[in-house]
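Residue numbers (the working numbering), protein chains in the order written: chain A, 4 to 40; chain B, 3 to 229.
Read the hints as simulated data drawn from the structure, not as lab findings. Possibly wrong hints are sitting among the right ones.
DMTMM-like, lysine to aspartate or glutamate: derived pairs with alpha carbons at most 25 Å apart [what the hints assert, rightly or not]:
{"#": "1", "chain 1": "B", "residue 1": "Lys72", "chain 2": "B", "residue 2": "Asp135"}
{"#": "2", "chain 1": "B", "residue 1": "Lys72", "chain 2": "B", "residue 2": "Glu205"}
{"#": "3", "chain 1": "B", "residue 1": "Lys131", "chain 2": "B", "residue 2": "Glu31"}
{"#": "4", "chain 1": "B", "residue 1": "Lys162", "chain 2": "B", "residue 2": "Glu137"}
{"#": "5", "chain 1": "B", "residue 1": "Lys72", "chain 2": "B", "residue 2": "Asp178"}
{"#": "6", "chain 1": "B", "residue 1": "Lys72", "chain 2": "B", "residue 2": "Asp170"}
{"#": "7", "chain 1": "A", "residue 1": "Lys38", "chain 2": "B", "residue 2": "Glu214"}
{"#": "8", "chain 1": "B", "residue 1": "Lys131", "chain 2": "B", "residue 2": "Glu216"}
{"#": "9", "chain 1": "A", "residue 1": "Lys38", "chain 2": "B", "residue 2": "Glu216"}
{"#": "10", "chain 1": "B", "residue 1": "Lys131", "chain 2": "B", "residue 2": "Glu214"}
{"#": "11", "chain 1": "B", "residue 1": "Lys72", "chain 2": "B", "residue 2": "Glu134"}
{"#": "12", "chain 1": "B", "residue 1": "Lys131", "chain 2": "A", "residue 2": "Glu13"}
{"#": "13", "chain 1": "B", "residue 1": "Lys72", "chain 2": "A", "residue 2": "Glu13"}
{"#": "14", "chain 1": "B", "residue 1": "Lys162", "chain 2": "B", "residue 2": "Asp110"}
{"#": "15", "chain 1": "A", "residue 1": "Lys38", "chain 2": "B", "residue 2": "Asp6"}
{"#": "16", "chain 1": "A", "residue 1": "Lys38", "chain 2": "B", "residue 2": "Glu134"}
{"#": "17", "chain 1": "B", "residue 1": "Lys5", "chain 2": "B", "residue 2": "Asp135"}
{"#": "18", "chain 1": "B", "residue 1": "Lys72", "chain 2": "B", "residue 2": "Asp6"}
{"#": "19", "chain 1": "B", "residue 1": "Lys131", "chain 2": "B", "residue 2": "Asp215"}
{"#": "20", "chain 1": "B", "residue 1": "Lys72", "chain 2": "B", "residue 2": "Asp215"}
{"#": "21", "chain 1": "B", "residue 1": "Lys5", "chain 2": "A", "residue 2": "Asp39"}
{"#": "22", "chain 1": "B", "residue 1": "Lys131", "chain 2": "B", "residue 2": "Glu36"}
{"#": "23", "chain 1": "A", "residue 1": "Lys38", "chain 2": "B", "residue 2": "Asp110"}
{"#": "24", "chain 1": "B", "residue 1": "Lys162", "chain 2": "B", "residue 2": "Glu31"}
{"#": "25", "chain 1": "B", "residue 1": "Lys72", "chain 2": "B", "residue 2": "Glu137"}
{"#": "26", "chain 1": "A", "residue 1": "Lys38", "chain 2": "B", "residue 2": "Asp215"}
{"#": "27", "chain 1": "B", "residue 1": "Lys131", "chain 2": "B", "residue 2": "Asp178"}
Quick caveat: nothing in here was measured; it's all calculated off a predicted structure.
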Amino acid sequence: MDGMVVGGWEYVWAAYGLSWMALVGYTASLWLRGKDT
Amino acid sequence: MRKDWALVATGFVLLAIGHGLGLFFVPPEAMMGETGRIFYVHVPTAWNCLVMFLIAFVCAVMVLWSGHPKWDARTTGYVEVGTLYNVMLLFQGSIWARPTWGVYWTWDPRLTTAAVMAVTFAGVMVLRKLIEDPERRATAHAVATVVAFVNVPVVYMSVKWWRTLHQDMSSPSTVDSVMHWPLRTAAIGMLLLGVGFAMVRAELERRRIAIEDEAPELPPVPNPLEV
Chain A
4 MDGMVVGGWE YVWAAYGLSW MALVGYTASL WLRGKDT
Chain B
3 MRKDWALVAT GFVLLAIGHG LGLFFVPPEA MMGETGRIFY VHVPTAWNCL VMFLIAFVCA
63 VMVLWSGHPK WDARTTGYVE VGTLYNVMLL FQGSIWARPT WGVYWTWDPR LTTAAVMAVT
123 FAGVMVLRKL IEDPERRATA HAVATVVAFV NVPVVYMSVK WWRTLHQDMS SPSTVDSVMH
183 WPLRTAAIGM LLLGVGFAMV RAELERRRIA IEDEAPELPP VPNPLEV
């Protein structure tokens, strides 16, 4: 299709991967902070 | 299971469903192709980032209105989660910008105001760490949250007020119906996750404040010997 961005899955995986890492990492930090207090 | 952690778990399940639909079931976007799938992670993060800061603003006003420590703890929770979503938003946007605009970053009004928002709310969190007296800390933190919030409507309206590279606001009414379910499911997932996170963080802060209140007063510092 004319004018359509071709490929780009690596960007998609990077965006989703970073987001899930941030969310899971924050969950872990809350859990660990809860254990300490 | 505690209610806050149940919200976090439900949020993760809905988010996984929304992202799964966006990644594997929805066709590629007409112009952006496969990279358009970043929409289902970026837009729900953006909406909920603003929602988290709006709730933080309301909690901060309640701190100044009532002075009750529970509002202080809640403000702390929503500011922290809003800032997390804000940072995620900037990374997601930069990754999306590269294949569509050709650059990771440009000083477009939407991007610039969103970056300023992240920096100011990070500053609010740092300010909280710097003040030891609980009452002064709660007041200063609430005032700083209210001041930082001034930029939030500017971020929201920036694509309307200025001619900007960033596309106009997205909502279910601006996208094809096939995109509705992944978008809505991921958005509700991010909302539940954000509220759950903020509740857990507020409970941690409430406990920390309680421990601080129970700590015995330190004995007065003796006068130095006079020669």
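Against the structure, the hints come out as follows:
1. In summary, the hint linking Lys72(B) to Asp135(B) is supported, as the alpha carbons are separated by about 16 Å, within the 25 Å threshold.
2. As the CA atoms of Lys72(B) and Glu205(B) are separated by approximately 9 Å, the hinted pair is consistent with the 25 Å bound.
3. Restraint check for Lys131(B) and Glu31(B): not satisfied, since their Cα atoms lie roughly 44 Å apart, outside the 25 Å limit.
4. About 40 Å separates the Cα atoms of Lys162(B) and Glu137(B), which puts this hinted pair outside 25 Å; it is violated.
5. Annotation: proposed proximity of Lys72(B) to Asp178(B) is violated, straight-line Cα distance about 42 Å (limit 25 Å).
6. About 37 Å separates the Cα atoms of Lys72(B) and Asp170(B), which puts this hinted pair outside 25 Å; it is violated.
7. With a CA separation close to 17 Å, the supplied pair Lys38(A) and Glu214(B) stays within the 25 Å bound.
8. Using a Cα cut-off of 25 Å, the hinted pair Lys131(B) and Glu216(B) holds, with the two alpha carbons roughly 19 Å apart.
9. Among the hinted pairs, Lys38(A) with Glu216(B) is consistent with the structure: their alpha-carbon atoms are about 19 Å apart, no more than 25 Å.
10. Annotation: proposed proximity of Lys131(B) to Glu214(B) holds, straight-line Cα distance about 14 Å (limit 25 Å).
11. Pair hint Lys72(B) plus Glu134(B) holds up; C-alpha atoms about 18 Å apart against a cutoff of 25 Å.
12. Restraint check for Lys131(B) and Glu13(A): the C-alpha separation of about 38 Å exceeds 25 Å, so the hint is violated.
13. As the CA atoms of Lys72(B) and Glu13(A) are separated by approximately 44 Å, the hinted pair breaks the 25 Å bound.
14. Of the supplied pair hints, the one linking Lys162(B) and Asp110(B) holds, its CA atoms being roughly 13 Å apart against a limit of 25 Å.
15. A hinted pair counts as satisfied when its Cα atoms are at most 25 Å apart, and Lys38(A) with Asp6(B) qualifies at roughly 15 Å.
16. The suggested pairing of Lys38(A) with Glu134(B) holds, with an alpha-carbon distance near 23 Å, which does not exceed 25 Å.
17. The suggested pairing of Lys5(B) with Asp135(B) is violated, with an alpha-carbon distance near 31 Å, which exceeds 25 Å.
18. For the given pair, Lys72(B) sits about 15 Å from Asp6(B) by alpha-carbon distance, which is consistent with the 25 Å threshold.
19. This hinted pair checks out: Lys131(B) and Asp215(B) have alpha carbons roughly 16 Å apart, not beyond 25 Å.
20. Simply put, Lys72(B) and Asp215(B) have alpha-carbon atoms about 14 Å apart, close enough for the 25 Å limit, and the pair holds.
21. Straight-line distance between C-alpha atoms of Lys5(B) and Asp39(A) comes to about 20 Å, which keeps the hinted pair within the 25 Å bound.
22. Distance restraint check for Lys131(B) and Glu36(B): the Cα-Cα separation of roughly 43 Å exceeds the 25 Å cut-off, and the hinted pair is therefore not satisfied.
23. For the suggested pair Lys38(A) and Asp110(B), the alpha carbons sit about 43 Å apart, so the restraint of at most 25 Å is broken.
24. For the suggested pair Lys162(B) and Glu31(B), the alpha carbons sit about 23 Å apart, so the restraint of at most 25 Å is met.
25. Annotation: proposed proximity of Lys72(B) to Glu137(B) holds, straight-line Cα distance about 13 Å (limit 25 Å).
26. Between Lys38(A) and Asp215(B) the alpha-carbon distance is near 20 Å, which keeps this suggested pair within the 25 Å criterion.
27. A threshold of 25 Å between alpha carbons decides the hint, and for Lys131(B) with Asp178(B) the separation of about 46 Å lies outside it, so the pair is violated.
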